[in-house]
Amino acid sequence: MSAPVDAASPTAPVLPTVDAVDFVTNAERQAAHLRLLESEAIYILREVAAEFERPVLLFSGGKDSIVLLRLAELAFAPSRIPFAVMHVDTGHNFPEVIEYRDRRIAELGVPLIVASVQDAIDRGRVVEERGPRASRNRLQTTVLLDAIAEHQFDVALGGARRDE
Numbered sequence: 036m037s038a039p040v041d042a043a044s045p046t047a048p049v050l051p052t053v054d055a056v057d058f059v060t061n062a063e064r065q066a067a068h069l070r071l072l073e074s075e076a077i078y079i080l081r082e083v084a085a086e087f088e089r090p091v092l093l094f095s096g097g098k099d100s101i102v103l104l105r106l107a108e109l110a111f112a113p114s115r116i117p118f119a120v121m122h123v124d125t126g127h128n129f130p131e132v133i134e135y136r137d138r139r140i141a142e143l144g145v146p147l148i149v150a151s152v153q154d155a156i157d158r159g160r161v162v163e164e165r166g167p168r169a170s171r172n173r174l175q176t177t178v179l180l181d182a183i184a185e186h187q188f189d190v191a192l193g194g195a196r197r198d199e
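The sequence shown finishes on residue 199 if you use our numbering, and the numbering steps up by one all the way, no holes.
Hints were generated in silico from the structure; no laboratory data involved. It cannot be assumed that every hint is accurate.
What the hints assert, rightly or not - What follows is a list of derived Cβ distance ranges for each label pair:
1) ALA169 / ARG64: 37 to 47 angstroms
2) HIS186 / ASN61: 37 to 47 angstroms
3) LEU72 / PRO113: 18 to 28 angstroms
4) ALA66 / ARG168: 39 to 49 angstroms
5) ASP198 / ILE156: 26 to 36 angstroms
6) VAL162 / ALA67: 42 to 52 angstroms
7) GLU185 / ALA67: 39 to 49 angstroms
8) PRO167 / ARG64: 42 to 52 angstroms
9) THR60 / ARG197: 20 to 30 angstroms
10) THR176 / PHE87: 13 to 23 angstroms
11) GLY159 / ASN61: 52 to 62 angstroms
12) LEU69 / PRO146: 28 to 38 angstroms
13) VAL190 / VAL149: 16 to 26 angstroms
For glycine and all other residues, C-beta sits at the position ideal for the given N, C-alpha and C.
Given only the sequences and the hints, what does the whole structure look like? Please build it.
Okay, structure coming up:
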């Protein structure tokens, strides 16, 4: 007959608590849901590439467009992404955003089109707002539409969450 196991002994069995079991189950459920969403996004990216002649992927450097760029990379690996990436540059980006954009584009080997809000202001195509609440966000729409027309893109892929 063996001696009883002391609860403080390093050989004592560690049993999961109900909370730990729930967490693992919930984490597994969330991971499965993310895999499903990733699969759906990859399917859509491949369908767009197959059905349209001149798609473009919009990239702002924000979290949604970073995820979209990564999904496009996964969708077409080991090949390159079969379409260009476009950044509508407000001129108000952190330098790190531009550095990240340029580094990822170089890594992926895809064409980058930069449509500049400042260039549109300089040409008189759009008028910059003045005042304490001035923003270039609204000006991006005209710049985006002009770039789509100039490059003859027939579909633009943007990263936005369903809850926005």
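Please test the hint of 52 to 62 angstroms on the beta carbon pair from GLY159 and ASN61.
Cβ of GLY159 to Cβ of ASN61: about 55 angstroms, so the range 52 to 62 angstroms holds.
A range of 37 to 47 angstroms was offered for this pair. Does it hold for the Cβ distance of HIS186 and ASN61?
With Cβ atoms ~45 angstroms apart, the hint holds.
Okay, LEU69 versus PRO146 on CB: inside 28 to 38 angstroms?
This hint holds: roughly 30 angstroms between Cβ atoms.
Quick check: does the Cβ-Cβ distance between VAL162 and ALA67 fall within 42 to 52 angstroms?
holds, 50 angstroms
Given a hinted range of 16 to 26 angstroms, is it respected by the beta-carbon distance of VAL190 and VAL149?
Given range 16 to 26 angstroms: holds, Cβ gap about 19 angstroms.
Is 18 to 28 angstroms respected by the C-beta to C-beta distance linking LEU72 and PRO113?
Holds, at about 23 angstroms.
Given a hinted range of 26 to 36 angstroms, is it respected by the beta-carbon distance of ASP198 and ILE156?
About 33 angstroms separates the Cβ atoms of ASP198 and ILE156, which means 26 to 36 angstroms holds.
Kindly confirm whether 20 to 30 angstroms is satisfied by the beta carbon distance between THR60 and ARG197.
holds, 24 angstroms
Range agreement (Cβ of ARG64 with Cβ of ALA169, hint 37 to 47 angstroms):
holds, 45 angstroms
Is it true that the C-beta distance of PRO167 to ARG64 lies inside 42 to 52 angstroms, as the hint says?
Holds, since PRO167 and ARG64 (Cβ atoms, about 46 angstroms apart) stay within the stated range.
Can you let me know if the beta-carbon spacing of THR176 and PHE87 is within 13 to 23 angstroms?
holds, 21 angstroms
Could you see if the CB distance from ALA66 to ARG168 stays within 39 to 49 angstroms?
holds, 42 angstroms
Violation of the numbered hints given earlier is absent; every hint is satisfied by the structure.
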